[in-house]
Amino acid sequence: MAELAQPSGRFREIARIKLADAHIQQALDDSTIRLRTHRLDAWSALPEVQELRERAHEIRMSVIDDLDGHVERFTAALAARGGNVYFARTADEASEYVANVCRRRGAKLAAKSKSMVSEEIGLNQALEAVGTKAVETDLGEYILQLAGEHPVHIVAPAIEKTAEDVAELLSAVRGKKIPPHLEDLTNAARTQLRETFLNADVGITGVNFAVSETGSICLCTNEGNGRLVSSIPPVHVAIMGMERLVPTTADLAVLLKLLARSGTGQKLTVYTTLLTGPRRAGEVDGPEELHVVILDNGRTNLLRGRYREMLACIRCGACLNVCPVYRKTGGAAYSDVYSGPMGAVLLPLLVGLQQAPSLPHASSLCGACTEACPVKIPLHELLLDLRRDLVAERVAPWTERVAFALWSWAWSRPLGYRLSTALARLGQPLAGLVGPGRAWARVRALPRLGRRYRDRR
Amino acid sequence: MPSVQLFATCLGDLVLPDAVADAETLLRRAGFDVVFPRRQVCCGQPAFNAGHHAAARRVARGFVRAFSRDLPIVVPSGSCATMASHYLPELVGVEPFEVWELSAFLVHARFRPLPRNTGRRVAYHDSCHMLRELNVSAQPRKLLRASGAELVQFVRPDLCCGFGGTFSVRQPEVSAAMADEKLAGSGGATIVTSDPGCLMHLRGRAERVGGPPVVHLASALVGSAGG
Amino acid sequence: MRDEAEHEALSGGVTLVEQFVANAEAVGCHVHRRTGPDIEGAGVSTALYGLADTGSVVLAAAPDEPRRNSLLPDVHVTMLAEDRILPGLDELFAALGPDLPSALAIVTGPSRSADIEQKLAVGVHGPREVHVVLLPPA
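Residue numbers (our numbering), protein chains in the order written: chain A, 1 to 457; chain X, 1 to 227; chain C, 1 to 138.
No lab work stands behind these hints, which were simulated from the structure alone.
Careful: at least some of the hints might be erroneous.
Distance windows between CB atoms, simulated [stated by the list, open to error]:
#	chain 1	residue 1	chain 2	residue 2	range
1	A	E51	C	P98	32 to 38 Å
2	A	D29	C	P37	40 to 46 Å
3	A	H23	C	A138	53 to 59 Å
Listed below are the simulated DSSO-like cross-link pairs for lysine-lysine, each with C-alpha atoms no more than 30 Å apart in a straight line [unchecked claim]:
#	chain 1	residue 1	chain 2	residue 2
4	A	K176	A	K108
5	A	K176	A	K133
6	C	K119	A	K176
7	A	K177	A	K108
8	C	K119	A	K108
9	A	K108	A	K133
Examples of chain A residues toward chain C, derived with CB under 8 Å [claimed, not checked]:
#	residue
10	D30
11	S31
12	L193
13	E223
14	S231
15	L256
16	L275
17	N301
Positions of the beta carbon are idealized from the N, C-alpha and C atoms, including for glycine.
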């Protein structure tokens, strides 16, 4: 998981690069505006949306309160249907299990459908090491894989790529020139990936939700690759974060009503598929073997603490689409997997604050994310809590802690305030040269300190 | 005559004294005697939002010592009003104060501003705290319209201006890009805001790269272009 | 399973069938009555249920209902009896109970993606065209 670590200067560095790229700024603008508008339209067309959000929050929290119980029930229910369940405590355990399945089957080719968790654990590299080539089949993820890049948005992974970029990548793979027109590109991708679906030895997917009562997993896609990947190859491996469980199908319905509406504005994704075990006797397709890998990777640590609500996240992307910071920087500034407000909260929780110290501050705390979250996670409040932890755990630099301590000592009494501000007024010419004043003055005129209000009265 | 306490806020006192004076003028015109507790300094928000809890508490205790509970406290700042009313009591461990953001108080007091802005086009910028935590967005607009101003809507009124306290200096480039979007979004109309932080940030950016005038709500209502 | 009057009562004037047709067409399905189009190479399936509020068809994998019929071909034709149209997801899961098929696909329109420059492309991996043939109640 070392790749997920975010050295403290990285956010600002990458942000500057993205800010200077007019094409990326336009793409971020267009996509976030479009997705946000669609969500708002979909929410306002659903009279019971606020009630659903409340219920969704309760459902998610009820699972978090008894996660062990739900994992047990899910495992038993799926085993009764002939499915295999593996509980992976760490990223490595998960990758190893999947790699072993592939090795045992002599798998040369794995067809993958969208799975953020598989990125989190670095699955593709682990499979390569045992001779299995993993090909992404989501159109956006496939394009990025060809380019050797990472997804930058939860539901619109390749927003920064132009049609020309895509044409170049697909032409190289098809061995012939493909014009940068949407229909040609789509056909080329469809033809290319059709072979993958038909020839794959193993299909690998993520899981949007899992139902503990029935041992089912639910996959939501628009393209159909989730269904193809879990129907055609003889083996299906599904990887899920342990927090994806819901108690019953009735609870699943509540979350399904919110997921697509919040992510893209659709009532449902085109393919909402509920899978319960491998193929049954007499069926002519569907996997012979179904493996569900339940991943912990730091999630248990969050169950009882202040950040447990973060486990309710359904990965819809609504928070990304309203975030005023994300729309300027894109996802890469946050990490290669999780970005935007949910990434700024989740990543430090998974890798430790030490490994991602600037993420809780990569936000102006405007609160738009909390407003947009379908399961009512108080994202901006969690960011504030993380900032407190940065100080309490001494990850924040000592210079910063000393500066605030001195400031608070001076400003807790009127005389200290007067003296410090009189000094500041005297030192104004130098303010733009050091510390916060310097950072301020890079991009704005410094405010002028004149006669205080209290002295005029 | 009824009385109120005025909380100038640190930014108001230091950087926008004219706006604070305008706020006091408005309160007097509304028929109130304005008391200025001289021990006031700051509500502690800069440290609080940066995660420096103990530092914030130290400064916030000064607020508790400075203000009386006998009179309402009026603040020409949405973010400080939010801090003082929503977060400070729990931070210090005291009973809540009666804290009002300026425009909310003026509308509550049925104040009608003089029609000093007839013929002027202004774009009102909602600061995030006022919009999402205080739910005060109608009152400033009501007052501006009553003063004769023609209100222009930002294309994305929901977007943060990019100040965000220490965010403005931790991520200055992103912060500036967010300001640029705001400055361009008023269509040339003067930008009016109730928050000294947003104001300092937008005005500072406009001074550097060009942009419309940015004024405090109090100054806009008094009819001066003041700071 | 439900008669017209019940349909009417449920949706305040607009029947479930009418609601289904409107929503299915809105997501890009072709809806036919009684007889379907004759398209060479089309995959044919029989839907278990339809969902009125989203215009979805619900397909359950079974020995006589292979998954690939609604997945691999360019065109998918599905037969749906009118009395199998339910209001929505809540009613679907209530009707299914705890005994679920190996694969339950809730399909809402043809395959699509907006991954290239945010423009809508249809028929990315799944069928480009979906035809729903409404059959009278059994």
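Here's how the hints hold up against the structure:
no., hint, verdict
1, A:E51 - C:P98: 32 to 38 Å, "violated (26 Å)"
2, A:D29 - C:P37: 40 to 46 Å, "holds (42 Å)"
3, A:H23 - C:A138: 53 to 59 Å, "holds (57 Å)"
4, A:K176 - A:K108, "holds (25 Å)"
5, A:K176 - A:K133, "holds (23 Å)"
6, C:K119 - A:K176, "holds (23 Å)"
7, A:K177 - A:K108, "holds (28 Å)"
8, C:K119 - A:K108, "violated (34 Å)"
9, A:K108 - A:K133, "holds (6 Å)"
10, D30, "holds (6 Å)"
11, S31, "holds (5 Å)"
12, L193, "holds (7 Å)"
13, E223, "holds (4 Å)"
14, S231, "holds (4 Å)"
15, L256, "holds (6 Å)"
16, L275, "holds (5 Å)"
17, N301, "violated (33 Å)"
In this structure, the earlier hints numbered 1, 8 and 17 are contradicted, and the remaining ones agree with it.
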